[in-house]
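*Asks:* Sequence:
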Amino acid sequence: MTQKPLSVLSQAVSGRVIVELRAGREFRGVLDGFDVHMNLVLKDATEIIDGETIRRSETTIVRGDNVIYISP
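Here the sequence shown stands for residues 112 to 183, where the numbers follow the working numbering.
Misleading hints may appear alongside valid ones.
[Unchecked claim] Ranges of calculated distance between the beta carbons of each label pair, as one might list FRET restraints:
| id | residue 1 | residue 2 | range |
| --- | --- | --- | --- |
| 1 | D155 | E131 | 29 to 39 Å |
| 2 | S118 | T164 | 13 to 23 Å |
| 3 | D155 | S121 | 17 to 27 Å |
| 4 | H148 | S168 | 15 to 25 Å |
| 5 | G162 | T113 | 17 to 27 Å |
| 6 | G175 | R127 | 15 to 25 Å |
| 7 | V124 | I179 | 16 to 26 Å |
Keep in mind the hints are simulated off the structure, nothing from the lab.
Beta carbons: idealized from backbone N, C-alpha and C, even for Gly.
Could you put together the complete structure from these sequences and hints?
*Replies:* Here is the structure:
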């Protein structure tokens with residue numbers, strides 16, 4: 112059975128995810144929500160650029176058109 116992307120994301124809500132963005136940026140945090148455009152809300156997120164932790168934030172919103180991949 113083939114799973115659809117939004118179904119996989121639905122199963123990942125409240126779990127930790129890795130979100131790879133353009134320009135070598137990455138966020139790691141708890142997926143709190145998303146929409147059909149793959150805009151994401153992350154809780155307790157860590158921003159990483161080129162392997163270096165830049166900042167941590169309580170809530171982060173990631174615009175879907177910047178996302179390369181999401182790993183639950």
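*Asks:* A separate judgement is required for each hint: does it hold in the structure or not?
*Replies:* How the hints compare with the structure:
Between D155 and E131 the beta carbon distance is about 18 Å. The supplied range of 29 to 39 Å is therefore violated. In this structure the supplied range 13 to 23 Å is violated for S118 paired with T164, their Cβ-Cβ distance being about 31 Å. Between D155 and S121 the beta carbons are some 20 Å apart, a value that agrees with the proposed interval 17 to 27 Å. A hinted range of 15 to 25 Å for the beta carbons of H148 and S168 is consistent with their spacing of about 21 Å.
Checked against the given bound of 17 to 27 Å, the beta carbons of G162 and T113, roughly 34 Å apart, lie outside it. In this structure the supplied range 15 to 25 Å holds for G175 paired with R127, their Cβ-Cβ distance being about 19 Å. For the hinted restraint 16 to 26 Å between V124 and I179, the CB-CB distance of approximately 20 Å keeps it satisfied.
Consistency with the previously given hints fails for numbers 1, 2 and 5, ordered from lowest to highest.
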